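Trainee: Here's the letter readout for the chains.
Protein chains: 2
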Amino acid sequence: MDKLIFISNDDGYEAEGLKQLVEMVRELGDVFVVAPDGGRSGASMSISSHTPVQNTFILHEAGTADRGCLTVWACSGTPNDCTKMAFEKLLPRRPDVVLSGINHGDNCAVNAHYSGTMSVALEGCIKHVPSIAFSSGRTDTFADFGYMKEWVLKVVRMVLAEGLPKEVCLNVNVPDVEPLKGVRICKMGMGDWHEEWQERDHPRGGKYYWIAGYYAPFDKHDEATDTWAFEHGYVAVTPLQLDMTAYGTMAHLREVLR
Amino acid sequence: MDKLIFISNDDGYEAEGLKQLVEMVRELGDVFVVAPDGGRSGASMSISSHTPVQNTFILHEAGTADRGCLTVWACSGTPNDCTKMAFEKLLPRRPDVVLSGINHGDNCAVNAHYSGTMSVALEGCIKHVPSIAFSSGRTDTFADFGYMKEWVLKVVRMVLAEGLPKEVCLNVNVPDVEPLKGVRICKMGMGDWHEEWQERDHPRGGKYYWIAGYYAPFDKHDEATDTWAFEHGYVAVTPLQLDMTAYGTMAHLREVLR
Chain E
1 MDKLIFISND DGYEAEGLKQ LVEMVRELGD VFVVAPDGGR SGASMSISSH TPVQNTFILH
61 EAGTADRGCL TVWACSGTPN DCTKMAFEKL LPRRPDVVLS GINHGDNCAV NAHYSGTMSV
121 ALEGCIKHVP SIAFSSGRTD TFADFGYMKE WVLKVVRMVL AEGLPKEVCL NVNVPDVEPL
181 KGVRICKMGM GDWHEEWQER DHPRGGKYYW IAGYYAPFDK HDEATDTWAF EHGYVAVTPL
241 QLDMTAYGTM AHLREVLR
Chain U
1 MDKLIFISND DGYEAEGLKQ LVEMVRELGD VFVVAPDGGR SGASMSISSH TPVQNTFILH
61 EAGTADRGCL TVWACSGTPN DCTKMAFEKL LPRRPDVVLS GINHGDNCAV NAHYSGTMSV
121 ALEGCIKHVP SIAFSSGRTD TFADFGYMKE WVLKVVRMVL AEGLPKEVCL NVNVPDVEPL
181 KGVRICKMGM GDWHEEWQER DHPRGGKYYW IAGYYAPFDK HDEATDTWAF EHGYVAVTPL
241 QLDMTAYGTM AHLREVLR
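Read top to bottom, the protein sequences are chains E and U. First residue of the first sequence? That's 1 in our numbering, and the numbers climb one at a time after it. First residue of the second sequence? That's 1 in our numbering, and the numbers climb one at a time after it.
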């Protein structure tokens, strides 16, 4: 088939979310996966500066008339390493689209900054390939993501047909709601985490901590945010740009900093 | 002293860049460091989802009439973990400013996305404390960062006096040039990396890879970018906002995705 779809994630190549995303989109083209060899939640855009990275070939399945072929590699690095590795060392050619997910858990609002799922789309975007991250409100290991297939295909088809503006990618968050109420094009919500560390006693003395906590939006009632759309049963599509410049502050900064 | 300055970095608590930043700003207030126990370059906003995190008390030095006291903790996690740990578990109170660095190496342009140095400032920003990341073009382990002290103090003093807009932080990149030509308030440059993987033969067969390569700006001649300012001998101050929403694309997306 003529379209080449690159897929990675942050839950690892064996995760249900990735496997189900692969099966959903094989009707649109050939699928090439390079995904972490295990869980990498919260990896953000990190790269493996301090450890070497290895790749393991997992499988190749031939395509049929109406389903693309499938190639899967596992990589010992971060989600971002997977994307960089795929583009330079593994993909047969530049892909037509970069997909990430389906993440078991949402990446709404500022949480996109921490997200390994999002990093795959951001890296695709740096490389000027239209890129989409998919996350679901369904968090369990064996979740069935079939309820969101219609929306996954709608978004991927639109992007394959239209492309995306340069240096813009999509953060798609689908709540655990059936039926879904429709789609909303959103802005990134703002908020912060609380009670972020759970303390444990080390058996040989001292304390250690697991990162945890709960997310509290600052803008819970702002209907323009992805947080609001997600909480109210809509597919939240948030276009994110690489350029984080706070243009509105520049004139004042030029006054106070000379 | 009445101001409390929180400092972290991604090169670790023993790095020269951090030690010299601490000494530069002690005249402005008490300094509290929680920094990684080793190098974490390229950590981005990552958090330790899959490993527990431990803290080690390193030192406390009393202050004098004109120099704040200094407290240092090392943390086994990422730079972002350090910031989150500091705010919830270690700092005696909310700091007046969050500083990161001085990074041994610049974090201009889209490289801010990969940067552990930048993540400290972004996390401070999420927590609504004025935050500044400092990076230098001097990359060697024993670099002397004294040449940039005047600018570090100027920027920190301005931020302590004026604050920063909510959800905006500063990415300050100082080239390895004496004398510095002045300051420019910049936008984030765009670009991508090339030849990102160096291949090595594993002694027991197969290949492994180190991340490497060179950065090529797409906008080398755009005088508004931090890349240009840095390359031309100016202190590049880039205000970055948490909100990555590509507002300009929303109307069109609403047309094509229903």
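Don't read these hints as lab results, they were simulated from the structure. Since this is a predicted model, take the numbers as computed values, not measurements. Quick reminder that beta carbons are idealized off the backbone N, C-alpha and C, glycines included. Do not rely on the hints blindly, as some may be mistaken.
To be verified - Dumping the calculated SDA-like pairs for lysine to any residue here, alpha-carbon to alpha-carbon at most 25 angstroms: (1) U:89 - E:146; (2) U:89 - E:41; (3) E:127 - E:144; (4) E:89 - E:50; (5) E:3 - E:41; (6) E:127 - U:59.
Unchecked claim - Quick look at which bits of chain U chain E covers, simulated, 3 or more residues with Cβ under 8 angstroms: (7) 40–50; (8) 100–108; (9) 121–134; (10) 174–181; (11) 204–210.
Stated by the list, open to error - Some chain U residues flagged as far from chain E (calculated, every beta-carbon gap over 10 angstroms): (12) 61; (13) 66; (14) 222.
Trainee: Now, for every hint given, state plainly whether the structure supports it.
Mentor: These are the hints, each one checked on the structure:
| no. | hint | verdict |
| --- | --- | --- |
| 1 | U:89 - E:146 | violated (42 angstroms) |
| 2 | U:89 - E:41 | holds (23 angstroms) |
| 3 | E:127 - E:144 | violated (32 angstroms) |
| 4 | E:89 - E:50 | holds (20 angstroms) |
| 5 | E:3 - E:41 | violated (29 angstroms) |
| 6 | E:127 - U:59 | violated (44 angstroms) |
| 7 | 40–50 | holds (count 11) |
| 8 | 100–108 | violated (count 0) |
| 9 | 121–134 | holds (count 4) |
| 10 | 174–181 | violated (count 0) |
| 11 | 204–210 | holds (count 5) |
| 12 | 61 | holds (23 angstroms) |
| 13 | 66 | holds (25 angstroms) |
| 14 | 222 | holds (12 angstroms) |
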